[in-house]
Amino acid sequence: MEQFGREYARLCAAAGAAPQEVVLRCLRELDGARGCLDLAAQSLSLQTCSALGRLLPGAAPLASLALGDCGLSEEGVRLLLHGLCSNTTVKSLDLKGNNLRTTGAEALGKLLRQNKSIRSLTLEWNSLGMWEEGFSFFCQGLRANNFLQRLDLRNNQINHQGAGELAMALTQNTSLQELDLRWNNIGLLGGRALLNCLHSNKTLKRLELAGNNVPGDILKAVEQALDHNQDREAILNEAQNQVNILSKEVLSLKEEKNKQFMDFVDTVDKQKEEKARSEKMSAARVSQLQEALDEQYSIMNSLKTKLQMTEAALALSEQKVHNLGELLNAMKQEQNRVSECHFRELQQQKQEGADREGRLLHDLSAASEKNLLLRNQVDELERKCKVQQDQLFQVKQDLTNTTAELKLRAVEAEERLEMEKRRFKQSLEDMESLRVKEVDRMTQHMEASERSMHNRIQRLEAIRISLEEELSQVKAAALTERGQAEEELIKVRSQARLEEQQRLEHLKDKLRLMTESRDEAQNCCLKQKEMVAEAQAKAKQLSLYADGLRRRLDELQQDLKSKEEEKVTELNKVKVELQEQIGHREAERAAQDGLREKITALERQLKALSSNHREALLDKEGEISLLLEKLRMKEAEISRVREEEAQRASFLQNAIMAYVQGSPLGTHSSRK
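For the sequence shown, the working numbering gives the first residue as 33, with consecutive numbering after it.
Calculated directly from the structure, the hints in this document are not laboratory data.
Cβ pair distances, simulated, as ranges: (1) Arg680 <-> Arg646: 49 to 55 Å; (2) Val297 <-> Ile267: 40 to 46 Å; (3) Glu612 <-> Leu585: 38 to 44 Å; (4) Ser397 <-> Glu667: 32 to 38 Å; (5) Lys418 <-> Glu629: 55 to 61 Å; (6) Ser284 <-> Gly248: 49 to 55 Å; (7) Ala315 <-> Glu287: 36 to 42 Å; (8) Leu393 <-> Asp472: 35 to 41 Å; (9) Asn487 <-> Gln679: 46 to 52 Å; (10) Ser279 <-> Thr206: 21 to 27 Å.
Distance condition first, Cα-Cα at most 16 Å in a straight line; then the derived EDC-like pairs of lysine to aspartate or glutamate: (11) Lys428 <-> Glu461; (12) Lys542 <-> Glu598; (13) Lys382 <-> Glu513; (14) Lys542 <-> Glu350; (15) Lys418 <-> Glu667; (16) Lys593 <-> Glu343; (17) Lys364 <-> Glu612; (18) Lys402 <-> Glu482; (19) Lys540 <-> Glu598; (20) Lys507 <-> Glu377.
Ideal Cβ positions, reconstructed from N, Cα and C, are used throughout, including at glycine.
Use the sequences and the hints to build the structure in full.
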């Protein structure tokens with residue numbers, strides 16, 4: 033079968049494995065007549081087992097599967113048996129010499145529970161009996177199976193406990209006929225258990241127990257029980273054959289009796305039909321005159337009933353028209369109420385939007401005022417820095433003047449104090465450079481913060497402008513939609529009024545026509561009464577006139593049917609129009625809901641922007657407080673530096689004065 037070979041190759045390729053050539057050859061050489069797939073003594077990989085397990089559920093022509101001595105793994109056996117669970121064509125399965133254990137026994141138990149086609153199962157040379165739990169699963173599957181007829185369990189190391197499980201399964205199994213348990217370890221207890229199960233199992237005909245250390249008396253008892261089962265089966269078969277023969281004879285007799293009875297019934301029916309025909313002919317001849325009079329009376333009664341029905345139909349139509357008018361008025365009132373509610377909600381939403389816009393504008397003005405205050409504080413700080421620079425410059429000038437006077441007074445002291453001056457100048461230069469750097473850094477930081485503030489304010493202004501534009505667009509859209517809705521309401525109202533007028537006129541015309549038809553019907557009734565009086569004298573003219581009246585009645589019935597159909601169509605039209613109006617109102621409600629959702633989304637955006645703006649203002653206030661704290665610290669450092677410089681200058685002046693007083697020049701000047 034080329035198809036199975038291609039399917040097997042495709043499944044192997046999908047699993048990422050190369051197909052085995054032996055399996056491919058066997059699948060291609062598969063005989064469709066016998067349906068036997070023989071893979072005995074072939075080493076099958078796990079991928080091959082998986083592919084065959086997927087292929088087996090759809091393998092229709094396969095009747096026998098031989099997998100003996102293939103060295104299958106536990107997982108491979110599980111995959112193969114899982115595929116066989118849903119197979120319905122395989123009758124014989126050979127798994128001998130594969131060393132099946134717990135997993136294999138469980139998979140076999142599942143197979144026996146679910147498969148309904150396997151009749152022969154060969155499990156020779158395995159190890160099912162070594163694992164009690166797995167063998168109990170296998171026995172449970174055998175207990176639930178009612179289709180297996182032959183089971184081979186030779187050389188499976190089954191002990192007396194496994195034989196007990198097997199005996200319990202055989203007590204409920206009703207299909208197994210041959211069981212081979214040779215060369216196991218059943219022993220005395222297992223033999224007794226199997227002998228006891230044969231008392232309730234009446235279908236097992238052949239049981240092989242050689243090589244199991246079972247005593248001879250038990251073997252003889254088993255043989256006797258099997259002989260009894262065979263005799264019972266033969267007796268049952270003979271009885272079944274006799275029952276089948278007798279049932280066939282009974283069926284043939286029943287068929288003959290049924291034929292005779294049917295023939296008799298046919299003759300009786302024919303006689304009854306002939307008698308009925310004769311009675312019908314006589315009754316027809318007798319009742320012709322009576323039927324003529326009855327027809328006239330029935331025609332009169334039908335005309336009266338039809339007049340009553342038309343009057344009732346007219347009353348019903350008038351009542352329905354009145355009900356429809358009330359429904360239309362109620363719908364109009366409800367529409368007016370809904371439109372007024374929507375108008376009030378829109379006005380309230382507009383007022384809320386205006387209030388929110390005013391609050392946002394107030395917040396923006398407060399933020400701009402805070403920015404102006406912060407700018408003024410920055411200008412004051414800059415002025416203070418300039419004043420301090422001027423004071424430092426004045427101090428420098430004073431120091432240079434004092435140094436010049438000291439140079440004039442003490443030339444000799446200059447040489448000694450030159451190193452101290454250089455050190456002092458170096459320290460002053462370092463302090464000046466540090467101060468200049470700090471001031472530059474502070475000015476740069478202030479400028480950067482001011483630029484960021486300006487940028488944020490510009491962004492907030494742009495966001496505010498965009499929000500105002502969106503609000504204006506939403507307002508314009510709401511106004512346009514409101515105008516469109518009002519126009520549509522006006523149109524619908526005008527159309528409803530026109531349609532109501534047209535319907536009323538149409539109904540009036542119908543009522544007029546119905547009254548005319550009623551008058552005509554009354555005239556016809558009078559004429560018919562006169563004709564009935566004349567018909568008693570003239571029977572021939574009565575029949576002709578009755579035919580005319582019948583035609584007239586058919587026409588009236590057709591007219592009534594047509595009028596009823598028109599009435600139904602008009603009612604359907606009114607219902608459709610009402611449904612359309614209701615649909616329009618629902619669409620308007622949906623549009624208004626959409627506008628509400630947009631307004632709520634805009635409100636959320638405004639809240640988010642206001643919260644962001646507040647956070648930004650709080651951040652700026654924190655930065656300004658940090659800058660003020662830094663300025664206080666710098667002022668404290670500058671004052672400390674001034675005090676240190678003043679102290680140093682006083683110390684230097686005192687030292688110079690002491691030096692000058694202690695020098696000969698000082699003594700000379702003092703003498704003078």
